[in-house]
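Peer 1: Heads up: the sequence lines are chains A and B, in that order. Residue numbers for the first sequence follow this note's numbering, beginning at -4 and rising by one. Residue numbers for the second sequence follow this note's numbering, beginning at -4 and rising by one.
No lab work stands behind these hints: they were computed from the structure. Be careful, since some hints might not be right.
If several chains are the same, the list does not tell them apart, and a pair holds so long as it fits within one copy or across any two.
Keeping only pairs whose Cα atoms sit at most 25 Å apart, straight-line, the calculated DSS-like set for lysine-lysine is [claimed, not checked]:
#	residue 1	residue 2
1	Lys188	Lys249
2	Lys161	Lys196
3	Lys195	Lys268
4	Lys195	Lys64
5	Lys242	Lys74
Number of protein chains: 2
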Amino acid sequence: MRIGLDAMGGDHAPREVVGGAQVGLGHLRPGDELVLYGPEEQVAAECRQLGLTDPRVRIVHCPEWIEMKESPVEALRQKRRSSIAVMAGDAAKGELDGLISAGNTGAFAAACHLRLGTIPGVSRPGIAILMPTFYGPVIICDVGANTTPKAHHLVEYAQMCVIYAKLILNIADPRVGLISIGEEEGKGNPLVKEAGTMLKKSTSSRFVGNVEGRDIFGGRCDVAICDGFVGNVILKLTEGLAEGLFKTITHEIKEEAPDLVQRFEPITERIWKRHDFAEYGGAPLLGLAGVAIICHGRSDRRAIGNAVRVAMEQVRHDIKGLIASEFSRRTEVPA
Amino acid sequence: MRIGLDAMGGDHAPREVVGGAQVGLGHLRPGDELVLYGPEEQVAAECRQLGLTDPRVRIVHCPEWIEMKESPVEALRQKRRSSIAVMAGDAAKGELDGLISAGNTGAFAAACHLRLGTIPGVSRPGIAILMPTFYGPVIICDVGANTTPKAHHLVEYAQMCVIYAKLILNIADPRVGLISIGEEEGKGNPLVKEAGTMLKKSTSSRFVGNVEGRDIFGGRCDVAICDGFVGNVILKLTEGLAEGLFKTITHEIKEEAPDLVQRFEPITERIWKRHDFAEYGGAPLLGLAGVAIICHGRSDRRAIGNAVRVAMEQVRHDIKGLIASEFSRRTEVPA
């Protein structure tokens, strides 16, 4: 198995991506290989500095890279020798089994979609994240691949996430909720109303109806579907709010009961860890005819190392094949 | 001053609305009056049971009411004698200075908009909430009045919220952010991109650009603007996540350090109170040619009592007049 890593992707690249490859080596089986995409000299220098001399790690030279702030489509058109573009090209040629990037999400998703295409029956891939909650993780999709989806895209997300939830959450019959602004049928914007009607008719997932933000954290569903704009806002809001609340709690304890600070620390650390994106190792681009894992821009080596694990698991479990077989069986083909 | 209350609105109506009127009496000045709208017999019975016999509280008989789950427009068309419809009608006749409902938000907002109209220059009212954060409260607008706004509506929200922030947060030059999925200009969906371009050109507010969920809780802006669908998701997600996190923390402390439970309780209570919607007393429908306060469906008497205070403050501060004067001065009139 060969997994490609965008050595220039993320706030702490290339250092933490190279470090992540080092961590990720622990997940390799005999014959497996990691391939770092980036400017050879720079990446090799990082490898030397981190003492990474393992023959299972290769570098593929890419003289360009795409910055976080660049417009995805524009950047891909202009930087054909960027790490993301070259890596996606190699995957299209069958030279990689999985791809990982913590860089420009839009550019990475677009390059994967463009070069690898989607699984037959899937019109648009969606990014699916695992959101930790008191009642266990909930899968939220899409969190940013497509900010202006059609209703049938949301239905496809639901069908793909059901397969994903069965596989990684071990839930026999995952409950699917549609994120809206009221539980009642017919509440929401036009997109959600249309998708709700379609999901209700669909037999391929156990649809529990509209869910609100409260329900996502209240154990009402295992999968929550939304457009990529709403999903991305949710993702970043959750991060910001959790950080803010912990900051508030720590501040209050310091003010009111300084003697408790030390005793409280391991508790917050444990909770924090459970809410830590780095533990989850990135989010798959479901529906892609390939395995692509999108990491948080702030990923450190631990996060990248976990992403290597996640990518390998998805290849081994053949999630792509499972989705393909489900979608080929479907009789209900929307639009 | 006369403030109308929808006695049949909310999950705990009429009991908690009547109780809220009782609490709200504390905010009245000589000559002020509270008017309860609902079925006379039922409301009077609640008053008797709560020992509310104050002559400053009147009941206006309404034989009908709109349920939370009803379609707003349909319900308003059919239930012309509902508490919301009659109350909005009385306000239109100049018999009320402010209105409060914890009932069907859509129906209440629509009735107010229909009967009272908007301030000249404002095309659509927006619901503005105060979101507590570590760095102080942030105003978020719109959280549900209009799920399919145009870009110029978002610009109007920004202009109104600046006035509102100056007034209630005492900020001389409030910073306005546009909720999106990346800080870079041009990130987002078509609505946000268009609104961003307009806000950048606008001189009536200090626009700090796109903000993400993380920034809302990170002190980057005082006002955050979004469409009513996204805003409502944010509102309910925040509630759900905060509840979930506190549940997790309490659970962990019970498991790991049961001796700390008692000491930790006052700390969580204080933080919880700061995040408690009941303390804020509801959200105004900004841009309305009148004062309307929308309360959380779960409001108890304390929340309703606070809403009475908020409604009276908004009438006294003449927020309506301040917005009107700002909008009449504007030279930039979009679409």
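Peer 1: The structure should be examined with respect to each hint, and the outcome stated for every one.
Peer 2: Status of the hints after comparison with the structure:
In this assembly of identical chains, the alpha carbons of Lys188 and Lys249 never lie at most 25 Å apart, being 47 Å within a copy and 42 Å across copies at closest. In the homo-oligomer, the alpha carbons of Lys161 and Lys196 lie at most 25 Å apart inside one protomer (21 Å), although the nearest pairing across protomers, at 49 Å, exceeds that limit. For the identical chains of this complex, Lys195 and Lys268 are neighbours neither inside a copy (36 Å) nor across copies (39 Å), given an alpha-carbon limit of 25 Å. Proximity of Lys195 and Lys64 under a CA criterion of 25 Å is satisfied inter-copy only: 18 Å between copies versus 39 Å inside one chain copy.
Proximity of Lys242 to Lys74 under the C-alpha cut-off of 25 Å is found in neither arrangement, the shortest distances being 41 Å within a copy and 48 Å between copies.
Violation of the numbered hints given earlier is confined to hints 1, 3, 5; the remaining hints are satisfied by the structure.
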